[in-house]
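2 protein chains.
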Amino acid sequence: MAPDKFSFTLDLPEWAIEEHKRLPDALPNLEDRMAAVIEFSRKNFQNETGGPFAAGVFERETGKVVVIAVNRVMPQNCSSAHAEIMVLSLAQHILGTFDLGGQGMPEYQMLSTWRPCAMCYGAVPWSGIRELVVAGDGPELEEITGFDEGPCHPDWITELNKRGIDVINNVLRDKAIELFKEYAASNPIVYNGRMGERE
Amino acid sequence: MAPDKFSFTLDLPEWAIEEHKRLPDALPNLEDRMAAVIEFSRKNFQNETGGPFAAGVFERETGKVVVIAVNRVMPQNCSSAHAEIMVLSLAQHILGTFDLGGQGMPEYQMLSTWRPCAMCYGAVPWSGIRELVVAGDGPELEEITGFDEGPCHPDWITELNKRGIDVINNVLRDKAIELFKEYAASNPIVYNGRMGERE
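These protein sequences, in sequence, are chains A and B.
Throughout the first sequence, residue numbering follows our numbering, covering 562 to 760 in sequence.
Throughout the second sequence, residue numbering follows our numbering, covering 562 to 760 in sequence.
One or more of the hints may lead you astray.
[As the list claims (entries may be wrong)] Now the stretches of chain A that chain B is said to cover, found in silico as 3 or more residues with beta-carbon under 8 angstroms:
| no. | stretch |
| --- | --- |
| 1 | 615-622 |
| 2 | 630-639 |
| 3 | 647-654 |
| 4 | 696-708 |
These are calculated hints, taken from the structure and not from any lab test.
Note that the structure is a prediction, hence the values are computed from the model and not measured.
Virtual Cβ for every residue (Gly too), placed ideally from N, Cα, C.
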């Protein structure tokens, strides 16, 4: 039995760690925050370090960057290592709490390249973030890239609002769609569940 | 900047590692598999190493145990460290693949103490498992323990079936309800999102 059988580690690729050094401490403008997230998405597939998805956790008011993370499913053999799970887990690790909405803390938001998949959507209420910001939420992501986004709740915004979480949509939508088209043109492996197999 | 800022590790508590040594290699009977999962749930809250939830990944035909994991949210400061995310990630780590339904592999199933929360439900289609087995799916879990299970898709079984994943329900249902009652009687902290705060 390998000593690390009961433990797993997920991390960001080297380029993303370098990229963090070049980021300013804060991005006061919401579009600048999304532009940074989209750029991480692009670099992730260009560097072949994961799928074309990134997400960032920021202080809502100031835009202070907590961390921006990327999809790590294939390189790290973990189907749950989507960008949103990565970024929420890293933000909680950095801030030393399982609850980003804890008492006495600033309010945090998560930015994501598109409406999160069913799993990452379900992770939002548990994270403590106060706001989810997405570039878009239509069928374009699935249509352009071929990724399945899974069985998300049909009233996804209402259900978050009920839990005290705001949603902001359509921030740099065109730039996200441009990214997905670049990805699709790169002849990628679209993994999905069981490589898209159905029985 | 801490050297491990961009990396996080999740693991099982010591007692669970010891417990694995006592498990047989395989549990041919489905109820025995669920009994083992429920016992891990119980030990997890009794040992104060996480919430009263466990999940196991097994070979569907033989009952060979891949791994049984537990909720680690509070001790490891990670709101996504639910039992199902833990067990799928550990199984993929152990087997060296992000896809438990890959070609040439035996079929795998996940057993969970109850219908998974919205996040863990969404993780199922990405994992490659062929079957989800739960002790129950009614409101009892939320009513007895106070945990919010989140905005799960209303047609949750149909949506899994569409993706080639079978669902078996009501395996040792009474034993799971007994567990939740024991947990509720232990005067626990029920964390939920932002400790249940709503605004």
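The hints, checked one at a time:
1. Remark: the stretch 615-622 of chain A is not confirmed as covered by chain B, as 0 of its residues place a Cβ nearer than 8 angstroms to a Cβ of that chain, below the required three.
2. A count of 5 residues in the stretch 630-639 of chain A with a Cβ less than 8 angstroms from any Cβ of chain B is obtained; the coverage claim is therefore met, three being the minimum.
3. Counting residues of the stretch 647-654 of chain A whose C-beta sits closer than 8 angstroms to any C-beta of chain B gives 5, which meets the bar of three, so the coverage hint holds.
4. Counting residues of the stretch 696-708 of chain A whose beta carbon lies closer than 8 angstroms to any beta carbon of chain B gives 0, which falls below the threshold of three, so the coverage claim is violated.
Violated hints for the displayed structure, listed by number in ascending order: 1, 4.
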